[in-house]
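Its first residue numbered 1, the sequence shown is counted upward by one per residue in UniProt numbering.
Be aware that a few hints might be false.
Restraint ranges, calculated between C-beta atoms of paired labels, are given here [said to hold, decoys possible]:
1. Ile144 <-> Leu215: 26 to 34 angstroms
2. Ser212 <-> Thr168: 27 to 35 angstroms
3. Ser84 <-> Cys190: 16 to 24 angstroms
4. Asp72 <-> Gly211: 26 to 34 angstroms
5. Ile157 <-> Trp126: 41 to 49 angstroms
6. Ile61 <-> Arg81: 25 to 33 angstroms
List of simulated lysine to any residue pairs, SDA-like, C-alpha gap at most 25 angstroms [said to hold, decoys possible]:
7. Lys203 <-> Val222
8. Lys39 <-> Ile185
9. Lys39 <-> Val209
10. Lys92 <-> Lys39
11. Lys92 <-> Leu215
12. Lys229 <-> Ala114
13. Lys229 <-> Ile51
14. Lys242 <-> Asp166
15. Lys229 <-> Ile185
16. Lys13 <-> Thr45
Note that these hints are calculated values from the structure, not bench results.
Note that the structure is a prediction, hence the values are computed from the model and not measured.
Ideal Cβ positions, reconstructed from N, Cα and C, are used throughout, including at glycine.
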Amino acid sequence: MHPTQKVITDTNKSPLIQVLTLMFLVIFLLSCCVRIGTKICVIKTLRVDDILTIATTAFAIGQSIATFIACDNGLGKPASRMQSSEIAIFSKSHYVANTMFIASAFCCKLSCTAGLRMISRESQKWIVLGFEAIVGGWGASALIVNLFQCELPTPWIYTDDRECIDRTAFWTCYSIINITTDIGIIILFCENVLKIQIPWSKKILAMSVFGSRILVTPVIAVQIYYSNKAFASTDFTFANWKAAIALQLVQCLSIVTICIPSFRPLMNSLESGQIRIDDLRRRGQVKSTL
1 MHPTQKVITD TNKSPLIQVL TLMFLVIFLL SCCVRIGTKI CVIKTLRVDD
51 ILTIATTAFA IGQSIATFIA CDNGLGKPAS RMQSSEIAIF SKSHYVANTM
101 FIASAFCCKL SCTAGLRMIS RESQKWIVLG FEAIVGGWGA SALIVNLFQC
151 ELPTPWIYTD DRECIDRTAF WTCYSIINIT TDIGIIILFC ENVLKIQIPW
201 SKKILAMSVF GSRILVTPVI AVQIYYSNKA FASTDFTFAN WKAAIALQLV
251 QCLSIVTICI PSFRPLMNSL ESGQIRIDDL RRRGQVKSTL
């Protein structure tokens, strides 16, 4: 065995986290590239939701890099085997990774609401605006709380002798709102697709694709379950390995599910329906009949 080769053991889960993080990174990066490439080919331009998807992916890449650094400095290993310098780097990289995750999820949700606004009927304008306000408050407040989770000037150092937030309460509340808003967005998407003048087979396809975001919700629940167990552990660096993997899966699925609706077959199906009507409406050429 090569002396520098990393081996997954019962007390070293860092290589496993890194392998899965890299795999998920490749998947969501390819998904984003397909979405952006499809939009450029089909409608020759990028909209607000596409720009937000790019931002989502950029933050997710940053989160993955921070996770890699955390793994090299103790994530997935017992704290008793770590040096003080490694613990310091782990604390900073974990802090950055969480910040990047929240920023990525925030942009992802805004991309969803921006896309929802484009296909929504005029009668639902205020409902969509309400969702955007909730998402804006949720994302902005989560970023602020996470950035100042412990007293300055070192908010990334979380210890019992410092004045810090209750991480269990914060992440549980954050995840519940995340799941709730996802479900609400899915319902509104499906309701609007039902009003588009296309064959039922295409409606079912569209609702299935838009509804695929529901797959993220059980993974969020699993992630917060393992996160709370890690928060309660006396060996956070090792106990957090399952939560770290679940978080990577949440991040990957979140990006993939906002990219799936833009794949070319579905774009072609919807282009002659609500999307085209919406384009004409915004140009003032037709009045909405929905």
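* Okay, which hints does this one fail, numbers in order? -> The structure breaks hints 3, 4, 7, 10, 11, 12, 13, 15, 16; every other hint is satisfied.
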